[in-house]
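Colleague: Sequence:
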Amino acid sequence: MNNLKSLKQKALTNPEVKAEYDALEEEFNFIHILLSMRESAGLTQQQVAERMGTKEANISRLEKGTGNPTVKTLMKYAKACGCQLDLSFRHA
Numbered sequence: 001m002n003n004l005k006s007l008k009q010k011a012l013t014n015p016e017v018k019a020e021y022d023a024l025e026e027e028f029n030f031i032h033i034l035l036s037m038r039e040s041a042g043l044t045q046q047q048v049a050e051r052m053g054t055k056e057a058n059i060s061r062l063e064k065g066t067g068n069p070t071v072k073t074l075m076k077y078a079k080a081c082g083c084q085l086d087l088s089f090r091h092a
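So the sequence shown is numbered by the working numbering: it starts at 1 and just counts up by one.
Simulated from the structure, these hints should not be mistaken for laboratory data. Backbone N, C-alpha and C define an ideal beta-carbon position, used for all residues, glycine too. Some hints here could point you the wrong way.
[What the hints assert, rightly or not] Ranges of calculated distance between the beta carbons of each label pair, as one might list FRET restraints:
{"hint": "1", "residue 1": "72", "residue 2": "44", "range": "15 to 25 Å"}
{"hint": "2", "residue 1": "54", "residue 2": "18", "range": "33 to 43 Å"}
{"hint": "3", "residue 1": "33", "residue 2": "57", "range": "39 to 49 Å"}
{"hint": "4", "residue 1": "22", "residue 2": "89", "range": "17 to 27 Å"}
{"hint": "5", "residue 1": "50", "residue 2": "91", "range": "37 to 47 Å"}
{"hint": "6", "residue 1": "39", "residue 2": "70", "range": "16 to 26 Å"}
{"hint": "7", "residue 1": "50", "residue 2": "15", "range": "16 to 26 Å"}
[To be verified] Using 25 Å as the maximum straight-line C-alpha spacing, the simulated DMTMM-like pairs for lysine to aspartate or glutamate come out as follows:
{"hint": "8", "residue 1": "5", "residue 2": "50"}
{"hint": "9", "residue 1": "79", "residue 2": "39"}
{"hint": "10", "residue 1": "76", "residue 2": "50"}
{"hint": "11", "residue 1": "5", "residue 2": "25"}
{"hint": "12", "residue 1": "8", "residue 2": "25"}
{"hint": "13", "residue 1": "72", "residue 2": "50"}
{"hint": "14", "residue 1": "5", "residue 2": "16"}
{"hint": "15", "residue 1": "18", "residue 2": "50"}
{"hint": "16", "residue 1": "5", "residue 2": "39"}
{"hint": "17", "residue 1": "10", "residue 2": "20"}
{"hint": "18", "residue 1": "79", "residue 2": "27"}
{"hint": "19", "residue 1": "8", "residue 2": "27"}
{"hint": "20", "residue 1": "72", "residue 2": "16"}
{"hint": "21", "residue 1": "10", "residue 2": "25"}
{"hint": "22", "residue 1": "64", "residue 2": "27"}
Full structure from sequences and hints, please.
Modeller: Take a look at the structure:
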């Protein structure tokens, strides 16, 4: 097991850390979807940025989850990757 996985496993034995980690699951999943979409399109962050008319740093922040994108930005990102944004709501 590599050091990062070992550290993560050890940290998640702490109930408080696990609760916080679990609370971020939806955000982690969303970031994974963004990365998968871009990688499936065979694009770099720079190429997505050019297609969106923005800077690579903005794409990096979006994919790290440190930005607060608008729906319009997410629509542009999806289009740049050859996809379409499909929002839906469901009862929890």
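Colleague: Does each hint fit the structure? Answer for all of them.
Modeller: Hint by hint, here is what the structure shows:
no., hint, result
1, 72 with 44: 15 to 25 Å, "holds (22 Å)"
2, 54 with 18: 33 to 43 Å, "holds (36 Å)"
3, 33 with 57: 39 to 49 Å, "violated (21 Å)"
4, 22 with 89: 17 to 27 Å, "holds (21 Å)"
5, 50 with 91: 37 to 47 Å, "holds (40 Å)"
6, 39 with 70: 16 to 26 Å, "holds (23 Å)"
7, 50 with 15: 16 to 26 Å, "violated (45 Å)"
8, 5 with 50, "violated (35 Å)"
9, 79 with 39, "holds (14 Å)"
10, 76 with 50, "holds (11 Å)"
11, 5 with 25, "holds (17 Å)"
12, 8 with 25, "holds (14 Å)"
13, 72 with 50, "holds (16 Å)"
14, 5 with 16, "holds (18 Å)"
15, 18 with 50, "violated (38 Å)"
16, 5 with 39, "holds (23 Å)"
17, 10 with 20, "holds (14 Å)"
18, 79 with 27, "holds (21 Å)"
19, 8 with 27, "holds (17 Å)"
20, 72 with 16, "violated (35 Å)"
21, 10 with 25, "holds (18 Å)"
22, 64 with 27, "holds (10 Å)"
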